[in-house]
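Protein chains: 2
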Amino acid sequence: MSQNIKEKYGQLVKQLEEISRLGGIRGILHWDQEVILPEGGHGARSKQMSALAGVIHEKSTDPDLGRLIDSLHASDQDLFDANQRCNLREAKRDFDMETKVPRELVQEISELESRGHHVWIKAREQNQFSDFAPVIEKFVELKKQWANHIDPHKAPYDVNIDVFERGASMEQINPVFKVLKAELVPLIQAIQESEYQPEDSFLNGDFPVDKQEALGRVISKDIGFQFDQGRMDVSVHPFCGGGHPSDVRITTRYRRDNFAESLYAVIHETGHGLYEQGRPREEGDLPSGESMTMGIHESQSLFWERMIAQSKSFCRHYLDLFAATFPEKLKNVGLDEFYEAINVIRPSLIRVEADEATYPLHVILRYEIEQGLFDGSIRVRDLPKIWNDKMEDYLGVRPPNDAQGVLQDVHWSGGAFGYFPSYSLGAMYACQFYNALAKSAPDLDRWIETGNFQEIKSWLNKNIHSQGRLFSTEELVQRVTGSLLDPKQFMEYLKKKYGAIYRLKGLN
Amino acid sequence: MSQNIKEKYGQLVKQLEEISRLGGIRGILHWDQEVILPEGGHGARSKQMSALAGVIHEKSTDPDLGRLIDSLHASDQDLFDANQRCNLREAKRDFDMETKVPRELVQEISELESRGHHVWIKAREQNQFSDFAPVIEKFVELKKQWANHIDPHKAPYDVNIDVFERGASMEQINPVFKVLKAELVPLIQAIQESEYQPEDSFLNGDFPVDKQEALGRVISKDIGFQFDQGRMDVSVHPFCGGGHPSDVRITTRYRRDNFAESLYAVIHETGHGLYEQGRPREEGDLPSGESMTMGIHESQSLFWERMIAQSKSFCRHYLDLFAATFPEKLKNVGLDEFYEAINVIRPSLIRVEADEATYPLHVILRYEIEQGLFDGSIRVRDLPKIWNDKMEDYLGVRPPNDAQGVLQDVHWSGGAFGYFPSYSLGAMYACQFYNALAKSAPDLDRWIETGNFQEIKSWLNKNIHSQGRLFSTEELVQRVTGSLLDPKQFMEYLKKKYGAIYRLKGLN
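Quick mapping for you: the protein sequence lines, in order, are chains R and Y.
Residue numbering for the first sequence follows the numbering used here, starting at 9 and increasing by one per position.
Residue numbering for the second sequence follows the numbering used here, starting at 9 and increasing by one per position.
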């Protein structure tokens with residue numbers, strides 16, 4: 009590499025690291041806000057956040073940075089190694105995303121984001137969809153404009169999907185979701201109609217919070233969360249945040265009447281946390297070391313929450329500990345009984361409470377609606393009816409009001425269209441990763457049964473976490489699993505598992 | 009005000025607020041680092057801190073800001089109200105401080121700060137002054153150069169004092185400390201020689217930390233700390249930090265064998281916290297609303313810790329609660345006994361553990377040494393001997409090693425010369441403020457006895473906290489107390505109080 013190019017690349021690294029570190033600060037402030045901040049401090053905090061956002065925006069749109077990127081891009085790419093090429097590619101994408109959209113539009117969107125959130129909270133409280141409808145309408149309009157600035161050659165909804173799930177598009181997702189829908193609806197119906205329904209009432213009771221917390225910490229640590237490189241705290245909604253792979257902060261919430269909810273939230277967030285802690289560090293605070301898409305991130309949380317922690321082997325390993333922790337409720341519960349109870353399938357109104365079989369239908373419903381909003385085939389004012397009809401068609405339940413229906417999710421209030429598909433892509437990736445691991449590790453079940461999670465974590469570290477952003481999602485999934493996104497693997501898994509639990513016959 | 013000046017002033021406000029908000033973020037990160045940060049996260053955090061410091065430096069030295077300040081300064085000052093003039097004055101001072109010193113020198117100092125800290129920690133651990141001596145030597149040299157850039161017409165040590173205690177100087181401090189030294193040395197000697205020595209062994213014992221914490225929270229709240237605008241947590245060294253008057257974070261530490269230490273640390277930090285929470289908010293995040301010097305800040309913590317909480321009235325109000333909290337140790341302790349025990353005077357080697365009578369001598373010793381280092385009359389290599397001799401002269405104790413002598417304080421390792429005087433200025437201001445309040449409020453003792461702290465807090469809010477930076481320290485003290493800094497008031501208070509406790513005769 010010539011001296012000149014070397015210097016320019018070094019300058020790029022410096023600027024990208026600065027942006028990344030300021031972003032890490034934003035992560036800490038966000039965590040602080042959700043976990044620690046005194047009630048009276050929110051006003052000042054939002055001004056601090058906005059000052060920091062302003063600085064990050066300045067740094068990210070610095071014309072000198074743009075010129076640097078262009079000049080490095082114009083150089084012979086063979087001069088760079090894979091990590092360097094990745095950093096260049098990511099820097100260009102980020103710079104374009106930040107600079108292609110006119111300032112006024114960015115501002116208009118950002119104003120609607122903070123206003124929209126308040127309108128949504130109130131509308132949901134008062135069960136008044138008509139109050140929120142104008143926000144959705146305006147957002148769709150602005151997000152279409154925004155998409156046209158980013159890439160006028162792509163469908164606006166695809167551009168929005170791409171923000172969360174780089175490389176994904178309606179062309180890829182539609183056939184996949186079609187398979188899911190076609191198979192899930194009858195599967196869930198069969199489960200509902202089965203004469204055998206597991207007993208799960210022992211999951212409800214009185215579970216002291218301090219015991220729940222201690223249990224969560226033990227299991228999170230067993231799985232591999234490094235508490236010297238992270239924390240676990242309490243927030244209203246569980247999340248995984250923090251400021252750096254060496255400072256990863258997961259949260260959960262506790263319900264005294266239900267320990268499984270909190271425990272599985274801890275395991276879910278631990279899955280995200282392991283991804284963050286496992287990101288490559290030797291490359292410094294650069295894009296090549298960042299995590300991939302929302303879908304891949306979700307695959308890591310769901311891998312642990314569902315593929316591992318809802319398996320019978322996992323229950324076998326931990327049932328004694330559960331029973332010792334909550335003897336009143338669990339001391340007489342058998343392994344099969346426990347396993348079936350935590351795997352009960354039950355169509356419900358609320359996405360975030362859904363089980364792994366019904367969840368994708370919540371997602372598909374939203375995806376279809378978003379598509380319709382963006383292509384003009386669905387009018388905002390018709391959303392409540394469309395929502396409720398689809399719920400009835402797909403899951404056999406009808407929301408009694410909009411608060412439990414179309415108003416339940418926060419996403420649209422912040423303009424996050426195109427986000428929902430990632431949840432179910434994540435579930436499918438999790439299943440494929442699990443299958444790939446099982447194929448290469450015949451002892452997988454024994455590992456889980458004996459609490460030997462280190463092997464599993466190492467495999468994820470090596471194959472996924474440490475890869476940073478070197479590959480596209482397609483490339484990564486292909487490399488790790490030998491195939492592309494494949495809804496059939498997910499459906500086979502569900503049918504096998506729930507066919508057994510619910511004693512279903514005639515499933516192929 | 010003309011449209012042009014109005015616009016310019018508005019622009020100044022915008023830039024100052026941005027700097028202030030980024031500073032608030034720094035406060036939160038610092039708190040996080042001391043209280044919350046996982047062990048493995050410190051490396052990444054220090055890079056984040058330095059990225060933020062870089063941004064704040066850029067913003068604070070922006071040439072456009074300098075031109076704006078100059079142009080507003082050149083305008084007719086009568087166009088501005090008192091707050092606006094204050095903001096202008098402070099902005100100019102800060103800008104000058106940031107820009108007068110050449111970049112290389114700033115960098116050299118900043119590098120020595122982080123290196124010096126590590127050298128100091130190791131030298132103290134190994135009790136090896138000679139390892140630390142070169143750091144002190146270099147710092148004195150750099151801080152002299154630095155001072156010459158800031159103000160070549162002032163003595164370099166005065167310029168350093170001015171950073172922490174604006175307006176103070178050797179000319180002001182020398183005669184004050186002379187009075188203190190002349191009177192404290194014999195007073196402490198008399199106390200030492202008194203036949204009556206209070207019994208305080210019941211302050212040592214086994215005090216469960218959860219009870220200590222609950223007690224601290226009750227008293228902090230009673231005094232007026234608003235827990236919806238702040239927090240209380242644990243750190244290695246107690247401090248008051250946070251990001252905003254609406255987000256003030258105090259910390260303490262707990263020793264299981266000594267509840268008074270933690271309790272009085274809580275009260276001390278609550279005093280700082282009340283100042284921060286009481287800063288004027290209507291003016292926004294601007295210099296006119298900031299707190300004043302270190303000495304005035306310390307006056308607020310010592311006001312509560314010593315003038316109020318070590319008084320007999322305070323003990324009268326809380327002794328029942330103390331006894332109910334720790335009955336094993338305290339249920340048979342009488343009021344006078346308790347009051348005398350928490351006011352024991354005992355010369356010791358360590359400044360941070362010193363009582364209110366011996367503390368100023370620790371400060372004066374350091375002040376005299378710093379003066380000598382800056383005027384060249386003291387050589388660094390002689391410090392251990394000078395330190396130990398002075399300890400023996402002033403307090404009658406001689407450190408057995410340098411770790412408990414000249415190496416005990418963190419300040420010099422970070423180049424903070426001129427900081428120590430503020431502690432004792434604060435103690436004297438606290439006493440004067442107390443006297444002023446007592447004069448205007450004949451019921452003061454009854455207020456304390458009955459736990460009516462609201463009146464006291466309101467008086468401090470009105471007369472000190474809400475004044476922000478409108479006045480110089482001299483002006484403020486004159487306005488509130490009717491006199492300038494007056495060591496005699498402090499000495500009279502000590503002599504009266506300890507004369508009674510130690511049954512001393514013949515004190516004037």
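FYI, nobody ran anything at the bench for these hints, they're computed from the structure.
Keep in mind that the hints are not guaranteed to be accurate.
The list treats identical chains as interchangeable, and a pair is accepted whether it falls inside one copy or across any two copies.
[What the hints assert, rightly or not] EDC-like cross-link-like pairs, simulated, lysine to aspartate or glutamate; straight-line CA separation at most 20 Å:
1. 229 x 47
2. 22 x 66
3. 22 x 119
4. 130 x 265
5. 513 x 166
6. 152 x 383
No experiment lies behind these values; they were computed from the predicted model shown.
Now the hints, each set against the structure:
Proximity of residue 229 to residue 47 under the C-alpha cut-off of 20 Å is restricted to the inter-copy arrangement: shortest distance 16 Å between copies versus 31 Å within a copy. In this homomeric assembly, residue 22 and residue 66 come within 20 Å of each other (Cα to Cα) both inside a single copy, at 15 Å, and across copies, at 16 Å. For a Cα distance limit of 20 Å, the shortest separation of residue 22 from residue 119 across copies, 19 Å, qualifies, whereas the shortest one inside one copy, 31 Å, does not. Within a single copy, residue 130 and residue 265 get their C-alpha atoms no closer than 28 Å, and across copies no closer than 52 Å, so neither meets the 20 Å cut-off.
Within a single copy, residue 513 and residue 166 get their C-alpha atoms no closer than 40 Å, and across copies no closer than 90 Å, so neither meets the 20 Å cut-off. Taking CA atoms no more than 20 Å apart as the test, residue 152 paired with residue 383 passes inside one copy only; the shortest distance there is 10 Å, against 70 Å between copies.
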